[in-house]
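**Student:** Those protein sequence lines, which keep their order, are chains A and B. Taking numbering that gives the first Met the number 0 as reference, the numbering of the first sequence is continuous, increasing by one, and the terminal residue is 283. Taking numbering that gives the first Met the number 0 as reference, the numbering of the second sequence is continuous, increasing by one, and the terminal residue is 283.
No false leads were mixed into what you were given.
With the C-beta cut set under 7 Å, the calculated list includes, among others, these residues of chain A facing chain B:
no.: 1; residue: H101
no.: 2; residue: S103
no.: 3; residue: T117
no.: 4; residue: R123
no.: 5; residue: S128
no.: 6; residue: A129
no.: 7; residue: T226
no.: 8; residue: Y228
no.: 9; residue: A250
no.: 10; residue: L251
no.: 11; residue: N252
no.: 12; residue: R254
no.: 13; residue: G256
no.: 14; residue: M278
no.: 15; residue: E283
Among chain A residues calculated to face chain B with C-beta under 8 Å, some are:
no.: 16; residue: I71
no.: 17; residue: S79
no.: 18; residue: S180
Stretches of chain B that chain A covers, calculated by requiring three or more beta carbons in the stretch to come under 8 Å of a beta carbon on chain A:
no.: 19; stretch: 71-78
no.: 20; stretch: 101-109
no.: 21; stretch: 121-130
no.: 22; stretch: 226-234
no.: 23; stretch: 245-253
no.: 24; stretch: 264-278
Hints were generated in silico from the structure; no laboratory data involved. C-beta atoms are modelled at their ideal positions from N, C-alpha and C, and glycine is treated no differently.
2 protein chains.
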Amino acid sequence: MPEFATDMTAPEPSFVHPFDSAIALAPAAHAGHFSGATSPAYANMVGPFGGTTAATLLNAVLQHPERQGDPIALTVNYASAIEDGGFGLVARAARTNRSTQHWSVELLQGGTVAATATAVLARRRETWSAPDVRPPANLPSPDTLTRAGGARRPPWFKRYDMRFVTGGLPEAMDGEEHASSHSSFWVRDEPARPLDFASLAAICDCFFPRVFMRRRLFVPIGTVTLTTYFHADAAMLAAQGERPVLGVAKALNFRNGYFDQTAEVWSDSGQLLASTHQMVYYRE
Amino acid sequence: MPEFATDMTAPEPSFVHPFDSAIALAPAAHAGHFSGATSPAYANMVGPFGGTTAATLLNAVLQHPERQGDPIALTVNYASAIEDGGFGLVARAARTNRSTQHWSVELLQGGTVAATATAVLARRRETWSAPDVRPPANLPSPDTLTRAGGARRPPWFKRYDMRFVTGGLPEAMDGEEHASSHSSFWVRDEPARPLDFASLAAICDCFFPRVFMRRRLFVPIGTVTLTTYFHADAAMLAAQGERPVLGVAKALNFRNGYFDQTAEVWSDSGQLLASTHQMVYYRE
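Full structure from sequences and hints, please.
**Tutor:** Set out below in structure tokens:
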């Protein structure tokens, strides 16, 4: 009775990466409406890691039946603290052109807007291409570096393998101000996971708040808005696979409650995958 | 009959700056709905200058009766070419917190969405503040430099007094590729106008497309999304007044139809007023 053979063999339990669980969305009855929930695996000190929130908002666009093309740009505005638990998402194509598509997304929790996003998708065509800046040269490879750790880090931190070349989170948070907030480090999902647009969007929020680096002091902070530009297309992400990418981050300015931070994410072959910018609220 | 005296004396014709005319909005019957029109004074090769479009979208927030605080961040998505003529705007406070406010804005023309924007407003409080990067040092002052000109430039270009220190638009567009797209220049409204959030938002789009600088070639381009972070508060803008600000611009990467450009706008006393980033479509 060969027709029963597959039923009688238990399938291998298939591994679902915690990142995929964290950004998973269930489509609701209305087109473009989804429901999701925060994941304990990506919890921050309070509420979820902002990177998974950004990836979840992007995912609503990526999963939408009207989606056309791949992400070029994503802006996420963190309108309020997101509480642990369920939320709703509404994604709407504000405009669809021949080669580009403009999206507006809202994340709702408890009947109010907790985050908004806009995304630009496009179908790329081959053109003249060139870098204008280069990645830092002569960096040690990730396997020669130690993974950043720390028992008191929030859960999301354990979902990334980060290996600092320069500017790791200081051991002593002694309030001794430093001149620069620059960091460079290798990072990948933990466990390893092939890079895609959603995971790249999340990695773009994994840089420590620069105010901690500068002031050597923990002060209350919260990203208010995050913009990521995707320089990579799907083929370039596939070529990167599970290997660590290089993050380079700095701030420009801290002033009266708000600072910016700006970062580049490079492939291990020296190609710019994403550039990303955010404004962060801080107190004191 | 002194009560008629003021009627009998013609008032001095009051000067309205063309920038204020260009971004002027008339409130419509519904709260948060406005109408506006493109201005010939700020026309680009096709349609309006993107900087005035950004400032107009921001102006809908600034003029809204529910507005609370000053701009911290603005993202404008150019969803389609805007045609010369009238348009409608709808601004909505997606979320109002104690010290921050998140806005969504749409620009409609011919019944379809031509641009979207999100803005974050905040009431700042005095905190520890410090720059992380410094402006370029030892620059020549604007009055020792020549104003950039050119009869074939579009009208909007004539509404800015730009004086290049490095990286002006090349005289010869000979297709001889250059290694860097970096520019630094002094810029102010023409005629001079006191700097405010709206004019700073527009100045953040006055950097020539970096692809022209790199390739020394005019190719079809269009900004798809522009994000500006306001490091200055109203007092800092008032202190800057009408004097030229320093713009420093570069690209990071050009790849298959899209490149980014990133810029800083500095006060003449060396304080960062704004940082700004955009993704630009290009052909060929």
